[in-house]
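Below are the chains, spelled out letter by letter.
Number of protein chains: 2
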Amino acid sequence: MTATSTTMTGRQRFLAAANRQQVDATPVWFMRQAGRCLPEYRAMREKHAFLTMARTPELAVEATLMPVDRFGVDGAVLFADIMLPLDGMGIAYEIRPGIGPVIAHPIRTAEDIDRIRVVDPEEGTPYVLEALRQLQAALGDRAATLGFAGAPFTLACYLVDGRPSREYPKTKALMYGRPDLWDQLMTKLAEITCRYLEGQARAGTGVVQLFDSWLGLVDPVTYAERIAPYTARIFSRLREIVPTIHFSTGTVQLLPEIAATAPAMVSVDWRLPLDRAWDLIGSGMGIQGNLDPTLLMAPWEVIAGGARDVLVRAGGRPGHIFNLGHGLLPETDPDQLTRLVDLVHTTTAR
Amino acid sequence: MTATSTTMTGRQRFLAAANRQQVDATPVWFMRQAGRCLPEYRAMREKHAFLTMARTPELAVEATLMPVDRFGVDGAVLFADIMLPLDGMGIAYEIRPGIGPVIAHPIRTAEDIDRIRVVDPEEGTPYVLEALRQLQAALGDRAATLGFAGAPFTLACYLVDGRPSREYPKTKALMYGRPDLWDQLMTKLAEITCRYLEGQARAGTGVVQLFDSWLGLVDPVTYAERIAPYTARIFSRLREIVPTIHFSTGTVQLLPEIAATAPAMVSVDWRLPLDRAWDLIGSGMGIQGNLDPTLLMAPWEVIAGGARDVLVRAGGRPGHIFNLGHGLLPETDPDQLTRLVDLVHTTTAR
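Chain order of the listed sequences is A and B.
Residue numbering for the first sequence follows my numbering, starting at 184 and increasing by one per position.
Residue numbering for the second sequence follows my numbering, starting at 184 and increasing by one per position.
The following block holds chain A by itself, in its conformation from the complex (with noise of 0.2 Å):
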């Protein structure tokens, strides 16, 4: 921080503004910012595999401590990934460097979908729950823990395709034409993201954020009919334990409609300005975002003009809270993302 004082910790300006209330300073974090552009992250990845790091406790703590060491963010987003969940599902899948989460036996019939197992975190995902506690132990109150899972919708085009894909065409299909199966598998990974999120907020997470990455190829009459009602189902289970954030990019068509499913907040991406998506989720509804990734690539007055211009765009409104429209890209300055929370929390300190 510069020559502004600040009276909050991370930790209470983070949960301030996930609550809509007032703060010191807008509270800042970054998607992805633990690992990719950090060498300290790519030395780590030299000695251990991504699902090594993310199952082991110890590991997936210090990866999440880098960047609130390096950068000074309000949030700490564990080091974890959303396909963790299928370990307790017990689905066998890897993560194919270069490709991405490929599904050894993908789920494409009422069989397949029956299979799964709807299990609590404590019994699926042990690993989880304790790098959180361990991760608020280490943390204090420096930043705000979050927690994350994968959306039904985003998990079923991994479940169903069986790899990432530009089109999911074998679940949009899976949608489209077989409802009764599709509301079986939806209502299933709804349950099953319900139960790995409150134990995540039983953990001690300040706040957890729903990921609906693929949620940019449906319309708006099919989100609200087949999609929004199993979202909805989340939201309103966690209502009265932990703030929420719903996550999705390329999804203007749907912004009212992601409201309606009613999280904390809405992250929303680059492709408005902040306060046209602001308009259409509705000024009764928090906000995170929405800076450009690929502006980090740009010079420094370039990404400082573009990080004002959010700002002004929020303008001082509760429930903003600031971060990228998606995730660092690897080839990001570290040391730009250093003075971009600086320039965040002394443009808006009051």
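Okay, the calculated beta carbon distance ranges per label pair: (1) A:Asp366 to B:Arg522: 24 to 32 Å; (2) B:Arg522 to A:Val301: 36 to 44 Å; (3) A:Ala445 to B:Gly499: 36 to 44 Å; (4) B:Arg349 to A:Ala415: 23 to 31 Å; (5) B:Ile424 to A:Ala275: 55 to 63 Å; (6) A:Asp525 to B:Arg228: 53 to 61 Å; (7) A:Gly273 to B:Ser466: 52 to 60 Å; (8) A:Glu484 to B:Ala287: 28 to 36 Å; (9) B:Arg228 to A:Gly281: 20 to 28 Å.
Keep in mind that the hints were calculated from the coordinates and are not lab data.
We put the CB at the ideal spot given by N, CA and C, even for glycine.
Once you have looked at the hints, place chain B on chain A.
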């Protein structure tokens, strides 16, 4: 065609719709109809490389005619690729299987931009013009010939990043960070694209489509300032010569700004219902679209329901060309496409 009588040829029907005139039935074609899902196309591809086919007029015409013969579509889009003009620019590239276009020496500096040659297609890509002339002769009035080109922004994405990407960070960093170089690059690409499409019109093409495939990556402010002026220049130059269609996907946030570049029609994907997209484009402009290509993986009754919904939302207003919201998927059953063309024609016959 089923029991309805038609009074127009496919070519007449297509051109009338492109000019927002009355039609005897809604014209239809499918993006990527020439290839992928057709066994006769895959047999050709076992004998010839993709670029060999595109650069050999006889082979390009043969592939172009396949879907016209098989599906009865009203538009015959030339078998070609948006990268072909690079031959005239003096930029070496290849199309790598499973990856896509890869540029030998990506364009990053003022010197790189200076070296791009601006030539007429008679010199740079004579085989495209020859293919269009042969196609016209073979096709007669059965269907309208459709030519196309990549839009300057999408070409810049390939040239600057050098290969397909989800984010095109190097291109966007140049656009954000070096507006001077960006203007030089986009000015050259717009001029090359104008000449390329003017040449296609001189060779007798009925309609041309401008593919801005990666436009979904930008917000409306950036679009209006850094991209739209070059697109508008192209449509302005072509206005008196040939009807134009603007294509993009994932651009709900840009539809009014895209319409302001003044093509004859705007092609929209399935992310908004057709009537809502048409409202954003403006009722004074034609529209192409907008069935979700993944819907074609569902049973026929679901496909038919989706197609009828598009037609109901079009409401028989002049200036609608039925198409998918994006390219055909390779898994599509060709017989469903024949049924779909028939459904569109018979449902809308007047």
